[in-house]
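Below are the chains, spelled out letter by letter.
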Amino acid sequence: MTSLNDEVALLRTVPFFSSIDSGRLKLLAYASEKLAFEDGDVIFRKGEPENDTFFILDGAADVVDETSGEPIIIAHLPRYSLFGEISAFCNMPRTATMRASGHLVVLRIPQEHFIDLIRSSPAMALQIIRVLALRLVDTTSDLVAARAEGHTGHQHPSGDV
Amino acid sequence: MQTNFLKYIWANTRSSQIWMALVILASMPFYFFSLELPKRIINGPIQGDPTQVGGGTGRFLDISLPFSERFFGEPLVLFDGFELSRLPMLLALCVTLLVLVILNGWFKLYINTFKGKTSERVLRRMRYEMFDRVLRFPVSEARQVKAAEVSGIIKDEVEPLADFIGESYSGPLFLSGQAITGLTFLFLQNIWFGLLTVIIVTVQFLIIPILRRRLIELGKERQITARVMGGRIGEILQGIDDVHVNDTSNYARADLTHRLGDIFFIRLELFKRKFLVKFINNLLMQSLSILFYLIGGYFVIVGQLDIGALVASIAAYKDLPGPISGLINWDQQRQMAQVRYFHAIEGFLRSDLAPATLQSEDRPGRIETGYDVRQVGVRVEGAQTLLEGASLHMAPGDKVAVIARPTESGVLLLQSLARLIDPTSGRIHLDGADLAGLPESLTGRVVGYADSSTFLPSGKVRDLFTEVLRNRPMRKTDAEFDRGSAASREAEARRAGNPTYDFLDDWTDYERVGASSEEALIDHMEHVARCVRLYEDICVLGINSPLRDETGAITARIVEARGRLRAHLAASGLEAYVEPFDSHRYHMQSSVAENILFGMPLDPAFDPQNLAHNQAVSDLLDASPARRLLVELGLEVARTFTEMLGSDSDSALFETVTGLTPERIEQMRQMLARIDRAADGTVDKDDEDELIALAMNYVEPRDRFGLMSDELQAAILELRRRLHQHLEGVRPPPVAFYDESTYSPSLTISENILFGRIATNLVGGRARIAGAVREVLKELDLLRAVFVAGLNFEVGTGGKGLTDGQRQKLRLARALMKKPDIVILNHPLGAYPSSEQKAILESVLEGARNQSDMSPGIICAPVDPSHAALFERVIMLEDGHLTKDGASSTVLDHADAEMMEKARDPGAVAEVRE
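In the order they appear, the protein sequences are chains A and B.
Its first residue numbered 39, the first sequence is counted upward by one per residue in my numbering.
Its first residue numbered 1404, the second sequence is counted upward by one per residue in my numbering.
No wet-lab data here; the hints were simulated from the structure.
Honestly, I wouldn't trust all of these hints.
Stated by the list, open to error - Derived, one-sided and incomplete: chain B residues facing chain A with beta-carbon distance under 8 angstroms:
hint	residue
1	2047
2	2055
3	2060
4	2108
5	2109
6	2163
7	2164
Quantities reported herein were computed from a predicted structural model and do not represent experimental measurements.
We put the CB at the ideal spot given by N, CA and C, even for glycine.
Chain A on its own, in the form it takes in the complex (with noise of 0.2 angstroms):
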């Protein structure tokens, strides 16, 4: 079982909370709940409303499409990931579905301290800017590629669905 001061030292390898001081993150890690989930277990379904955000402690998750009735890996999340924070910031449902793979251990961290925590700490609302321009860069040069092969499809490993 980790500590609050171990999840706090994993929280702060994502570039989103690397600025945060230490008391700060501690607060956000003890606000949020650990949930366990086994092999297969959905983590949330795409287009459901709520806007927790999710960070991997243990095991790793995969980002399933379902639109085409079987479910497709788009994408697969490593330990120490974070994951939902899209719906969290543009209140919007998901955009995809979550599942574990493997045994997996999360931190769910609830909307409201997540914005709460971004509200308290404009250091944190820049590290975010950076790390979604970041994106932003990272997407751009993969449609310029992706335009120039004369195939779409390429999906990013960041995981934020």
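The hints should help you fit chain B onto chain A, whose structure is shown.
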């Protein structure tokens, strides 16, 4: 009901009033003797007879015929009495006076009690008659009655009438007796004075009532204003949600203030008037005595009247104002009571009451031929005709669906069948007899009705089931009344015109549902609950309720179930998901306080959140190493909290997650600053207590600070042992300690079997463990006990302990519980999604079709018209006219899409009333 209050009292208390008058009459001589005797004591033995040696003797108990001297010229002595000397005479007279005083007191006691008793009987009769009438109001009218107003009238408005009832006849009788005696005496003294008095008294009797007329009006206004206010308060409370969600609380306040203001100004005028009348009344009476002095004095001065006669007249006059003003007051009381009475009963005087026989006649039976509806129409005032000329026949056993456009027509048709509204035209016959004239003892037992209403009275689930079987007292029970014997209660009920049904009897009609015992009745409830798919809900309630088990047979098996559950969990790999309570181990999933306690607190002083300040625990802590360790733990928690909070002075997030108020946080900061300042690291006693309180709430898996050392765990276990020793002999026990080998009555059934806490954050783990608990209960054949525990669940006011859907299912279950011959389902189960409604309807239909004795008929207007396909026959109403009636496949084939559209708001539809 009689509208004249005096006549009403006379009609119902004639013999009591006569008896009261006789007793008062009988008490008079004793009263007069007791006034007379002190004079005799002083004039007789005390003063003595100065002409005789030693003061002489006197006669004791000599009785002569009253007024004999006046009529016969000499006193007619009936009894000579005894000759007694002064001292024995004094003693004898004093003893007599004592006896008279006691006798007078006793008369007063008797008369007052009797008056009270008589008033109370009249009140009881009035209240009963009012309530009886409400029960006989036409249903549609009764629904519109403001409950708070009616209960206010029955409870409060008639109460002040009690004062008048006792005085209603005896009062004026004796006051006028006294007044006439006084007047006669005055006339005997001087005819002019007599006439003068009569004139002034007449003026009084003429003027005062005129002045008081307004008083009576004001009284009436006050009564009605107060009543409307009561109704309004009831209404506001009923819609309290709206007040909060629409911010209308201040409007509600203003509403009440406005009404209170009205009442105040009515009262103010009332007081002013009342005292003005009193003032005029006194003025008249006193000016009369001045006239006596003036006129009498004049005659004395001119020598036409001797002074003795004047003094005697004035003395005689002094006794007059009492009874006269008493009479005037009585008259006012009478008028006030009359107005109050009339306005209280006014609302209950309806000519369209259902005949009493409709509810009193006991004529149970079964339905043979069913419903015959002939040309029935319902017109709702101000709306288009919603039902016109509908005719149909429904035999018992028929399964009929009604689909309608507009849906209200179907609702009205089914309400007419249930006699909840009266059709404005046409007739409905049940078994060949006009439905309107059939006693409720028949319709109320053979017809079951359920709509989407969610109203339930408070009580246990079991009572809600059996309530519909309580139509008449069935058998005596050994329950005893809190007050009064059964015989005296019955006699009193009779005297006040109340029915003599005994509420404490067992009213449940087991035979009607073919149950020979309590067990068989529970079987029936279980069957019905399964039929409406309420069984699982009741079991869930049961599994989460404590089990009362007098025999101990079931509770013993629950302890066995603990073992089984462990085996089950081990077999399915869920073992680690539950941390069992073990008296020899620290329970990680519980807080420090809960670990010290290791039981359910029965005394609030032992609640985990109060434990830090509990004297017994503090004493034990002082002598234990745990104290130091807990202070350290508290200090660590406080430091971590302040670290989390950082420099922010207020963090909503911090407050939410820690549950600490800003004041507590500030206190914590100051405390830490104090502790850090102290060079030697000492902490003062108060701060230590504060830290211990913080530590008491620590739960390792939740807080994850990693502070639960082995040393601390051992110290807490030691503390737990000592606390248990300490509390062992305390009666009543403040804590029910957990014990692996016994059933714990303060825990729920599920907690008892689990006997521990779920220690997994695995999503779905909780459901799997609950499933395992159910499995174990099933294996041990304990589901019945769980169901019975669920039946004992208190649903709370208005059934608030259940969901809307559960309440609708329970209402449906009540309709089926009485084994009716025909079930009317009027847009039932609106709280559920269509699929669940369908499943329940299917289950009810299947239950009805499989019923062994007689398959009940069902007529149903489903919320979702597509469910009509479940029935054999469908009736279609279009624009208020019955257009199709036939096999469901045929009718539904012809129904257009609009017809089959689901009602948008089934709840609102079911509320449509006449």
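Here's how the hints hold up against the structure:
1. For residue 2047 (chain B), the shortest C-beta to C-beta distance to chain A is roughly 4 angstroms, which falls under 8 angstroms, so the interface hint holds.
2. The beta carbon of residue 2055 (chain B) comes within 7 angstroms of a beta carbon in chain A, closer than 8 angstroms, and the hint placing it at the interface holds.
3. With a least beta-carbon distance of about 4 angstroms to chain A, the hint placing residue 2060 (chain B) at the interface is held under the 8 angstroms criterion.
4. Contact between residue 2108 (chain B) and chain A, as hinted, is supported at the beta carbon level, the nearest pair being about 6 angstroms apart and thus within 8 angstroms.
5. Given the 8 angstroms rule on beta carbons, the hint for residue 2109 (chain B) holds: about 4 angstroms separates it from the nearest Cβ of chain A.
6. Interface restraint check for residue 2163 (chain B): the shortest CB-CB distance to chain A comes to about 7 angstroms, inside 8 angstroms, so the restraint holds.
7. Because the beta carbon of residue 2164 (chain B) sits about 5 angstroms from the nearest beta carbon in chain A, less than 8 angstroms, this interface hint is met.
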